Amino acid sequence: MREEPSPAPVTCSRSVLPSCSSSVTAEEERWPDEEKKPGDLRARHTFAMMMMADEQPRGSSVLSWEQVQRLDSILTESIPIHGRGNFPTLQMKPRQIVRIVRSRMEEKRIRVREVRLNGSAASHVLHEDSGLGYKDLDLIFCAELEGERDFQTVKDIVLDCLLDFLPEGVNKEKITALTLKEAYVQKMVKVCNDSDRWSLISLSNNRGKNVELKFVDSLRRQFEFSVDSFQIQLDSLLLFHECSAYAMSETLHPTVVGESMYGDFNAALEHLRHKVICTRSPEEIRGGGLLKYCHLLVRGFRPTSASEMKSLQRYMCSRFFIDFPDIGEQQRKLESYLQNHFVGHEERKYDYLMTLHGVVNESTVCLMGHERRQTLSLIAMLALQVLAEQNVIPNVANVTCYYQPAPYVADGNFANYYVARVQPIFPCHRHTYSTWLPCN
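FYI, the numbering for the sequence shown is 1 to 440, going by this note's numbering.
Keep in mind the hints are simulated off the structure, nothing from the lab. This structure is a prediction, so every number in the text was calculated from the model and none was measured. Each hint should be verified, as a subset may be incorrect.
Stated by the list, open to error - Taking lysine to any residue and the SDA-like style, the derived pairs with C-alpha atoms no more than 25 Å apart in a straight line are: (1) K275 / E346; (2) K108 / K209; (3) K155 / V189; (4) K172 / D194; (5) K93 / D129; (6) K209 / R84.
Please construct the entire structure, taking both the sequences and the accompanying hints into account.
See the structure below:
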């Protein structure tokens, strides 16, 4: 694999927000006297952006005006949170939920250092035609979570915030936190160990665009591949909307910084633009990044060389089977990935499973022969199920097989067909979780 610079161990960086007036003062101090011209806002803004870009470390970069516009449209877009049963759909703007959750966390004396946009949405902001698609909306609250009480407080805050988005006329007095969790939460995860302290609350969306609120005190590994390693700091944009009486324009908009957890922002952005698969230390990734890697292959991403591909695949397969050694765990993981990552693109499931089958067959070196065959059979079974769901083949639970009778069959009562009793393929259930999920 190509050697890339390794960043320092990742934690959410502390950020001090400037006031609206102090940011102008800082720009005035850096603006040379001989270049000051009344009303020359465009030139002054360009100069300030150049100065800011020169000061950025290698792992970060200042967003362009076009990128800031895409970011703002994502934060102001209304996303439906679909309720189960008879519960109404909530219309939620990311900017609103960030403001409400952050203010209530600070009321409870949980300090929020900064808020970031992560994942496919951040990649979409930086490069619109990334090939990754824009699915979940991942919002990271970098906060100081000192113990179990803080995790529980954050959970209560998020569930309580959902009441604010219920339509008018709904009687909120009898709706409990447990009821809200069952109605609107897709999953909840909490990890608390020596290196990682974070929790995740995912709010349901039937079209796969879940709103995922992640509360991070520390997280050792925040990305799988360079193309999904981007995070965008939102504080300056959120502060602008709170302080400014003017609408954003090319000559008047906040400086927004993007960062790559991969360690080299420009290299990661080039990988995104040219659909290159690159990572470092895949053995550190939970599951090895195997499922995401095969998803990238299906979307047209490729490693830089065949030798790199083989090395990468061996590491990923080994880590996947370390984390998911049992065939039942493997089935649950695969079904969950198919359910969560192919909403609206069900036709890609079969190609994805066949790609995964090929990678596991070629690059698995850590399993006994029967274990390897068992996993390959599982993947093939899921692929057959996908074809059945898409009506490419008949329903395999009740297949009628027709046979031409042999010449020696003279019995007049002989039936010229029989119905094969086929073991039904396990259905792909939608998993909902009523409590925190362990990460191991």
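Now the hints, each set against the structure:
no., hint, result
1, K275 / E346, "22 Å, holds"
2, K108 / K209, "29 Å, violated"
3, K155 / V189, "11 Å, holds"
4, K172 / D194, "40 Å, violated"
5, K93 / D129, "23 Å, holds"
6, K209 / R84, "16 Å, holds"
Violated hints, listed in ascending order, are 2 and 4; each of the other numbered hints is respected by the structure.
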